[in-house]
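Next come the chains, spelled out residue by residue.
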Amino acid sequence: MNISQMSQTLFYLIEQQPDSEKAVDYLRQQAATFQANPQTSQFYRVFTAIPRYVGKHPVDVAPDMAFALERQRPRFTAEGWTLDRLARVWWLLQLPADDETTYVKTISQLFKAAELNELVALYSALPVLAFPESWRFQATEGIRNNIADVQSAIMLHNPYAMDYFDEAAWNQMILKAFFTDKDVTQITGLHERKNDRLAHTLADYAAERRAAGRSLPPNIELLT
Amino acid sequence: MDFMDSIRGMSFFDMHVHMTSRTTDDYQAMADAGVVAMIEPAFWLGQPRTGVDSFRDYFASLVGWERFRASQFGIRHYCTIGLNSKEANQLELAEQVMEILPLFIYKEGVVGVGEIGFDDQTPAEDKYYRAQLELAKEANLPVQIHTPHRDKKQGTTRSMDIAIEHGIDPGMVIVDHNNEETVKEVLDRGFWAGFTIYPFTKMGNERMVDIVKQYGPERIMINSAADWGISDPLAVPKTAALMKQRGISDESIRLVTFTNAVTAFAQSGQLSLEELTQPLNIDQSKRYNGSSVLRGGQAPRVDKESTIIK
Numbered sequence: 001m002n003i004s005q006m007s008q009t010l011f012y013l014i015e016q017q018p019d020s021e022k023a024v025d026y027l028r029q030q031a032a033t034f035q036a037n038p039q040t041s042q043f044y045r046v047f048t049a050i051p052r053y054v055g056k057h058p059v060d061v062a063p064d065m066a067f068a069l070e071r072q073r074p075r076f077t078a079e080g081w082t083l084d085r086l087a088r089v090w091w092l093l094q095l096p097a098d099d100e101t102t103y104v105k106t107i108s109q110l111f112k113a114a115e116l117n118e119l120v121a122l123y124s125a126l127p128v129l130a131f132p133e134s135w136r137f138q139a140t141e142g143i144r145n146n147i148a149d150v151q152s153a154i155m156l157h158n159p160y161a162m163d164y165f166d167e168a169a170w171n172q173m174i175l176k177a178f179f180t181d182k183d184v185t186q187i188t189g190l191h192e193r194k195n196d197r198l199a200h201t202l203a204d205y206a207a208e209r210r211a212a213g214r215s216l217p218p219n220i221e222l223l224t
Numbered sequence: 001m002d003f004m005d006s007i008r009g010m011s012f013f014d015m016h017v018h019m020t021s022r023t024t025d026d027y028q029a030m031a032d033a034g035v036v037a038m039i040e041p042a043f044w045l046g047q048p049r050t051g052v053d054s055f056r057d058y059f060a061s062l063v064g065w066e067r068f069r070a071s072q073f074g075i076r077h078y079c080t081i082g083l084n085s086k087e088a089n090q091l092e093l094a095e096q097v098m099e100i101l102p103l104f105i106y107k108e109g110v111v112g113v114g115e116i117g118f119d120d121q122t123p124a125e126d127k128y129y130r131a132q133l134e135l136a137k138e139a140n141l142p143v144q145i146h147t148p149h150r151d152k153k154q155g156t157t158r159s160m161d162i163a164i165e166h167g168i169d170p171g172m173v174i175v176d177h178n179n180e181e182t183v184k185e186v187l188d189r190g191f192w193a194g195f196t197i198y199p200f201t202k203m204g205n206e207r208m209v210d211i212v213k214q215y216g217p218e219r220i221m222i223n224s225a226a227d228w229g230i231s232d233p234l235a236v237p238k239t240a241a242l243m244k245q246r247g248i249s250d251e252s253i254r255l256v257t258f259t260n261a262v263t264a265f266a267q268s269g270q271l272s273l274e275e276l277t278q279p280l281n282i283d284q285s286k287r288y289n290g291s292s293v294l295r296g297g298q299a300p301r302v303d304k305e306s307t308i309i310k
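Which chain is which? The protein sequence lines are H and G, in order.
Sequential numbering from 1 applies to the first sequence in the UniProt record's numbering.
Sequential numbering from 1 applies to the second sequence in the UniProt record's numbering.
Next comes chain G alone, as it looks inside the complex (with noise of 0.2 Å):
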């Protein structure tokens, strides 16, 4: 059977996608599957940077140029803002990514300071992530975790002891990329955990049904985690069918497929239940009264299964 047969008419929100490393074509199976939302956080783009100003332009385009490919799907954009775990590490590069994360992190649409933490668990991760915390708290915005992938258990808990450390509530904290390992001491620690259902490397989705089964949905969400890798843009509407096909309720599947996001992400004031539940097309009629626009969330379809280009 079709996965999209069992899911038509959900809506979904990926809350960790890296729709930079992605095509328009992606963009319109995701809106076909479901996603009306999604968060980009920001991240390493599989090569170091070498200066400031490549920073500076990645945080530009994710609020930026991204929300605009996004919104012409009638998908709404958001963003984490931070200095990522690897590049953390170029010391003098992270002073002055540092400096100009206060420009980006109060724009609109910025739903969290991410995703940070830890990779390697060096000096620098720490020092950075911490830092990073503290903008956060300055900020009240959440803060989007990302777990490391070597020596993932004892990594977490340091995350979580550190956000503690800072005075962070475990309410404003989405720890991500979790597995059987983790998930126990963050839920039971009051933090969101976020679970990436990314083939070979992360979680696969029949593990993920049977977490939900063990763990109920609360604080419970998953992603996509889709970037330049393996990974799949459809993760999250094809794991909530899995989950359907296995007895999951319907409202089991949204809590985790989508309201747990908005309601750990809500808590930035910058997205809400209510504006995501309204079409984006409204929406824009709205705001450019008059003028002409792209006509979001119709742009031009291409009919792939043609073989005539117009």
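Extracted from the complex, chain H is given alone in its bound form (with noise of 0.2 Å):
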């Protein structure tokens, strides 16, 4: 995936949403400044201050764009953000990516402070943040979340874990989905991810719930 492309692609969706314009000349203003004088401070000041100046309008994804965006990350979507997520998203990418330290520190400090909306921005945005190896970690770290929306926001209609967790992450992300009662059937990746040991421990859970006289997952008959 080609970084600028991406920013570019998502700057024009935010450009595209009604009532844009002073979120548009906030961010183009912001931008400017940073790309002239890239100073960490500003960085993080503007990530955290993006709802003030968008609000939190839900984003409407009009069929081309939905289409651009897939092309150049396959199975990326803005589909159902707020405005303010899809801000952060775009700014997240105007991060200098030439060196790989401190690029995965910078972005990795903003996780440790970040309050509810900032996480679920920030793990929205790792299929599209460059050196995407790095962010293993921190993504089976949002699945540990216990808040629901962080947990969505890595879970569902968010291709990362699928092209970057092995096995055991990815088992362990459909298991807590079950627990957590997500619709699995917004998880991207759910069906070319099915494996052997998924199933057998789904159905172990299944019998378990039978035995305690609950009632079981819907969905869970697709991975079993």
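There could be a bad hint or two in this list.
Stated by the list, open to error - Residues from chain H shown here face chain G by an in silico Cβ test under 7 Å; the list is partial:
{"no.": "1", "residue": "Ala32"}
{"no.": "2", "residue": "Ala49"}
{"no.": "3", "residue": "Pro63"}
{"no.": "4", "residue": "Ile147"}
Calculated directly from the structure, the hints in this document are not laboratory data.
Where is the CB? At the ideal position from N, CA and C, for every residue including glycine.
Take the two lone chains, each set in its own frame, and fit them into one complex as the hints suggest.
This is the structure in structure tokens:
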């Protein structure tokens, strides 16, 4: 994936949103300042402050835009996002990716101090960040997280896990999705990454539920 | 009579409560009693922290995990972020905390800098109180002031003097933990006066009723400051019930248990009356279009009367 092309497409999507002039002006201005003089403090400040300037309206993704996003990053989607989430993901792509250590460290600091909506944006961005292999552990942290929206940001409609998780991490994610009542049909790669070990674990889980007199989670039969 | 009977249908905003130290039973009881929103000021956890990472994780939990926990009960959770007066005395650590504060005070749902002010009234407390007033001024955020237990009257006056010296508008400052001795000056000088209904050490709610009768409801707000000590997370609804029993008008009760706090903290731009009067779950369904969330506001309810646990 080409980061600057993805950044352009995301920005175009922001511009397409109704009443986004103020947001677009703010973001364009911040990007220009940051490009001229990339200061980490500004990078952090803008990331945090984005909702104040762009609002939180649900984003409307026209079919041609959905197609453009998918073509640049297979299975990537901004469907169901709010504008602040979209703008934050776009802003993350403004960080220079010339040095891996600095890049990963800078974004890791954002994870450490993030509030709920920031975490949602950060996990949504994983499929389009540079050095994708570097985020494997962080992505599993998102699944360990106990906040439903944060879990959903990494588990649902997000191709990162499908592309980068090993089998153990993938299976853990699917189990956790069942345990936390997610709609597993929204997991990207659900069918492609079916495996025997997962089927076995889920069968055990189903047996345990039956023994306890509890109902089975919907769609578990898809994987067993 | 059950206090709940007289306040049915009323909404409350507990503008100072430390939910980190409380259980889900408390959340459930607060939601049942009509608490729809709360502010959790950053405070001292009962023992000193030994490193800046503990502060970072604590601040992050106030804007993350605790907010989510509250949302499961349909309660909106806001916070104020700051370095508390006790821990301001650990100079080296205090410096490090000051460095990370800007990372947090601009976050969504952070409605002020707090709780800050004086404990022992040492020079270190003075220094960091002033530094944080400057931060609040720069971020255009309200300030939530903790007034000291010891030497309270003088400490309260001093806290207000310093705020004014730093060019902070009294209308942006909520002076908390007032009592009969401090309230007059706080109101006369144009500050907001918070009262903590907390058994044995702060205000009792019968005294609170008398204060509202004497001073009226303008710029007065009450809270529970429930924490790890013997305290009562239902202090706000209970005091509302008592005010009602003792003849205070519904309109005045609404001001001191809800609207005044909203007006004061709405100056942060991070909360509004409009937002607070909408049920939380409607908001969520809009925000999380199509994806399954843990049904905000409708966490599976445990029937506490039943002997059977399923």
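We went through each hint and held it up to the structure:
{"no.": "1", "hint": "Ala32", "verdict": "21 Å, violated"}
{"no.": "2", "hint": "Ala49", "verdict": "6 Å, holds"}
{"no.": "3", "hint": "Pro63", "verdict": "17 Å, violated"}
{"no.": "4", "hint": "Ile147", "verdict": "4 Å, holds"}
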